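Q: Just so you know, the sequences run in chain order Y and Z.
Under the working numbering, the residues of the first sequence are numbered 4 to 113, in order.
Under the working numbering, the residues of the second sequence are numbered 4 to 117, in order.
There may be inaccurate statements among the hints.
Unchecked claim - Calculated lysine to aspartate or glutamate pairs in the EDC-like style (CA-CA distance at most 16 Å, straight line): (1) Y:K48 / Z:D110; (2) Y:K45 / Z:D110; (3) Z:K58 / Z:D68; (4) Z:K44 / Y:E8; (5) Y:K82 / Y:D60; (6) Z:K69 / Z:E90; (7) Z:K67 / Z:D91; (8) Z:K23 / Z:D91; (9) Z:K44 / Y:D10; (10) Z:K17 / Z:E90; (11) Y:K105 / Y:E8; (12) Y:K105 / Y:D42; (13) Z:K44 / Y:D42; (14) Z:K69 / Z:D91; (15) Y:K105 / Y:E6.
Unchecked claim - Covered, in the sense of this in silico footprint (three residues per stretch, anywhere, with C-beta under 8 Å from a C-beta of chain Y), are these stretches of chain Z: (16) 71 to 85; (17) 101 to 110.
Treat the hints as calculated values from the structure; they're not laboratory data.
Please read all numbers here as calculations on a predicted model, not as lab measurements.
C-beta: ideal position from N, C-alpha, C; glycine also.
Read off the chains here:
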Amino acid sequence: RKEVEQDPGPFNVPEGATVAFNCTYSNSASQSFFWYRQDCRKEPKLLMSVYSSGNEDGRFTAQLNRASQYISLLIRDSKLSDSATYLCVVTYSGNTPLVFGKGTRLSVIA
Amino acid sequence: GAVVSQHPSWVICKSGTSVKIECRSLDFQATTMFWYRQFPKQSLMLMATSNEGSKATYEQGVEKDKFLINHASLTLSTLTVTSAHPEDSSFYICSAWPRGQPQHFGDGTRLSIL
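Please build the complete structure, drawing on both the sequences and the hints.
A: Shown next as structure tokens:
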């Protein structure tokens, strides 16, 4: 079983739509959780950290369920510029490497 | 904010060539840097952990004699792909973790071996 699993998509949605991505992780010792965004042929960029209480940043809302080892990302009012691959990422503690999911591809269509 | 610089961004070379990729932390010291590799439509996979002043730690399945890592200073780690072959063509990316901040990535190096 992969450490971090995501639905690969693609998700093709119209502008203005709300879209949700899910992610599960296998290692219960995971301590930190993130969503990264990766554009084609570019490095991943941090979108947001994910906290146990859930957190929101503008149109983006992230949720974490430690009991179920499940992470989600909700994007409201999708923009064309949201088209990218969204990577679910976990790490264990301190200065440890990130473990990436395969990513979920989103295409927002005009 | 902290920046990680990676060079070169794109390499095309013949099979059998050795290619060196540099990863620098520009405004912080990094005792540890990470090297990842991403094949098309795959996730980023950790190749190795680069430790300043000591040997790198390689992930299972990564040949340490093929992917030489040197971390001779607190701001520079290098990855050398020795005798590269077409199957080594990939996107290589380094990262470092400034204290108190999220991990920062370099821009990545796209390696194409002909």
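Q: Taking the earlier hints as the rules, which of them does this structure contradict?
A: 16
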